[in-house]
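Two chains, each in its own frame: build the complex with the hints.
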Amino acid sequence: MAFDLAKAVRDAAPNASIPVPAGTYPATLVIEKPLSLVAMGRVVLDAGGRASVARIATKDGLVRLAGFIIAGGDSPEGGGGVAVLAGAAELLECTFRYNKAPVNGGGGLWATGNSQVTVTRCRFEGNTGRQGGAILVDEVASLKLSDSTVIQNAAVLGGGLKVREGATATIHGCTIADNKVVGDAAMGSALHLSGSTTRTPTVSLSHCIVSERAEGPACLFNGSPHPGKLTLTRNLLPPWCKALGGDNLFAEAKFTLQGTEPYQLQPDSPALGAAAEDGFPKGAKDLSGRARHSATAKPALGAFSLVR
Amino acid sequence: MPISRVGEKIATALQDQTVTQDEAKSIIDTATAEKKWTPELKAEVEAMLARPGTSFEGTAKADLQKFLASTPTQKDLADPAVLNKHTTNISWNPVQDGKLFVDGVNYDDVAQGYIGDCYLEGAMSAVAKSNPKAIEDAIKDNGDGTYTVRFFEAQGWNQPTKPVSVTVDGDLPSTSPGSTPYYAHARDSKELWPGLIEKAYAQWKGGYEAIGNGGDPGGMMTALTGKQGTYVANASLTADQVYEKIKTQATASRPMTASTFGEDQEAKYTNTGVHAWHVYTVLGAGEEGGQKYVELRNPWGFSEAGHDGKDDGIFKLPLADFMNLYQGTSFGG
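Those protein sequence lines, which keep their order, are chains A and B.
Sequential numbering from 1 applies to the first sequence in our numbering.
Sequential numbering from 309 applies to the second sequence in our numbering.
Derived from the structure by calculation, the hints contain no laboratory data.
Built from N, CA and C at the ideal position, the CB exists for glycine as well.
Fair warning: there could be bad hints in the mix.
Output of the computed footprint for chain B on chain A, the stretches with three or more beta carbons under 8 Å from beta carbons of chain B [claimed, not checked]:
| hint | region |
| --- | --- |
| 1 | 69-77 |
| 2 | 94-108 |
| 3 | 180-188 |
| 4 | 197-208 |
The shape of chain B in the complex, shown without the other chains (with noise of 0.2 Å):
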């Protein structure tokens, strides 16, 4: 295992047996450049205060043991594997000042990063529309620098789901330490639970690569609910019943997402401002002007249908355009 550099200052300092103020200042400066104050690292500075046989000048020891006192330590765990394509150009890093939640949670926060999982990106989102309750209850803060996220696991039609509790630390994948997270992440910087949700859910079922391949929305809404839904396709209803549908189940405050047709009919999208291959969350459905709309948000955070003045992805979308567009949309329980 390698030296860290904490443990470089400490070995630097003991070749006298005496630790100067200057040494102790060197030490503390470099546990505070760590990009995780771990508990391995405070060890290492316990371990060299406890010592025997070695002295401490002036204020060091007490300096150090002022330092260890009041900064508390952050568990690194192991993170899931990224991308394949994205393995060289992603490191994990701490969000400074990161919160769990900023205003608390909201259909809005969540952004899609670099990695094909729309469909749980659109289901947090949907989740997050109807319950964010849901989403609150669902992710634990450790107070140690870890996050416990817990999935619903499904067992299979009308039986009950299995909890599944995953613990990650709160590194979130980018290119450079500050910088926005390459996959999910709020749209306030500091706030963490879309990319731990995602973080958890990578850890569960085997790496980024395993959830960025695309998914089944539905059954991300269970994940998230523990409570089972069902799909409706488009063709199998008239738009006004599909439109009641989905009013009637945004009264309800059930999540709701829906899907785009495949690439292969990426004709059909030009200049509609919608996207083929794509989940999309449902926010509701009404009437303005005599003209029944379906609303909806990109997970992106944007790129929409329309011009109203702001390309936050929500939007209002024309009954016969969602019929035309949506393949079909998925009702969570």
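Isolated chain A, as found in the complex (with noise of 0.2 Å):
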């Protein structure tokens, strides 16, 4: 008998372990308490197009998504693949791909409420939301994006990431890379952050690569009339960054752009071991699972530590 993905998450007891067969999966999921889904080979869960992949909301507890292909979610209220509406969330090894969110936002994640989302080792690849092409984080909600790549999405605001409101995204070891505004308003192709007279978002993006066509506040906004705290250290920016100074460096990025792996950096590519001396911590590794650190140089910048 095929496994039904919808009834084990229904019955699952609390905190419960759910192992899904490879395949894939037609899935609207609705998890509202702490649970685990792991995926055992390649799963993909797929909402044809219908509502978003997952919706969570949880009163306590974490629920957590490992090594899942969310496709084909499409939610006017946001989060096509992904909508955090409460509770914390881990998302791990997962891709997101080709979800929308044509409404409000966050075509492969929104994050909002006063929701937490750990984000690791994941990719981003060709979503759209009217505002963060890959990830809307929203109201109060607090996201943790590390090694991973936000590539080829697209919005009207912020192409990569929005966060609006009160949110706050600490970003590290993340490339981000191609992404696409388009409309009348398009800014933030890269990243764009909005506050209001109440609230203010605050983003941290270290150690990661920005790597868009576009320049100024069409790559990266944090404009008036309410910006947003925008801390950046210790990445690799495009050259027409270097006004934004601190100890980022502003360089093409170089990546091989073949491949199964296009994202990966080229031998000389300027973000190889430009890691702080403490910009991962030992054991640490990157979007392709392998180590951070060698023997012989520092780790690199962005999601790829190593050449191909």
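Dropping the structure here:
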């Protein structure tokens, strides 16, 4: 008998761990208790354009999704791929691909309310949203995004990420590249911050690579009238960003742009060995699961630590 | 700071230290023609009346004093920035004889303008339908040409919302004085509440660009009522369950909106009268001739499915069509 994912989620006891056999599942999951869903092999969760792939709202505990390809989500509310409305969620080694949130935003992921979302070694590719093509962090939610790629997503505001209201995003060791903004108001292909008269978003970007075709606020928007608190530490940023200063590097990233991992680095990329001494903890892994540290060189900036 | 037109007339009148009746009339006429009679302009005339060494011929002084006493001032506050693409063709204009409410609050008052905030307009209409008093209570006329709108700021799931008050003046953006406001407005051109709520929301969030690129209708209903709601995708329920939920929530006077699919699915909307990438107000559900329907309202105030004899944006859609054309429903608290 085929594995019934929705039933497994419905029937699971709180804090249960559900191994999901390899395969493709139509999925519009509603998760309202702490759970761990673990992909056993290649598991595609596809909402078929009908709703979010997973909508998470828990009072306490942690919801964990590990190893999934999350695709075909489409939600006007927000978070075509995954919407986290409340509680804590951990998304590990997932790929968010071709999800949409056309009315609000967060094509791949919408973290809102007072949710706390940790995203590690994930890929956001080809997602679209009105605000935040890949990710929208909203209200007073917090996001920790590390060792991940945000590639070729699109929106009107914040092609890659949008952080608004009083939300917080800590982004570390990620590659944000080739995202797009479209429309009359298009701003922030990589990142868009906007507050209000009552709240200010906070974003910390460290040890990342930002590589976009757009320049200025069309790439990194943190403008008037209610800018956020944006801290840029030890990133590889496009040359036009020089005015931003700090201990960032300003140069082309030099991706290989070939094969199955086109955002790995060429051997002469300035991101290689550019991490600060304590930039990554001992034992840290990059997106491909390889050790960040080696005996011969310091770790690289961005999602991929080693050359192809 | 440039001198006002009233200030120019005063300066001319004071050249010979004597204000004639004609000069007083000219000052009053100029003041009357001003877009807005502000406390700052009034202060200029008061300063002239109190200026030592100035004489007034005939009834000049009395005429000016009478004008000041009979003409209430209206404050002129800073307005939120309009959409980038509208900066050259829009100006801020008072609505002549504008009233906050005309015949109370009605869900059919709301008309969306040339801005992508259907989530806001649909939510406003939904709250006006379910609880018109919530709209009345949300706006206070300060009596000086300004209005204070009280919103609620969400603090997270099951957390109490926090009230936020935003004060704006009564000017609305339009292409010329007297023309229909370019953004949210009411069916009755003298009724202000839809335009003022939208303006105050823009002021809070950082301008019309900040609110005019989509948003969450459920979040907007929370901002208006202070109560949290939920979103239910049509895909997660059967048609009968959706019907019963809408019916039950309508009976309980809960505001509701429904969203269509994105532009990439535009083809499925051909000849339906329903628009892709749009938020509608849900008015209720019922049954006629054995067929279940959902009643909806387009926040544009026109353009609808079917032919009910009037294009007011209000229409009854068979339940099966609602399930096919609408992605889900936001239920307010």
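Taking the numbered hints from earlier one at a time, note which ones the structure violates and give those numbers from smallest to largest.
none
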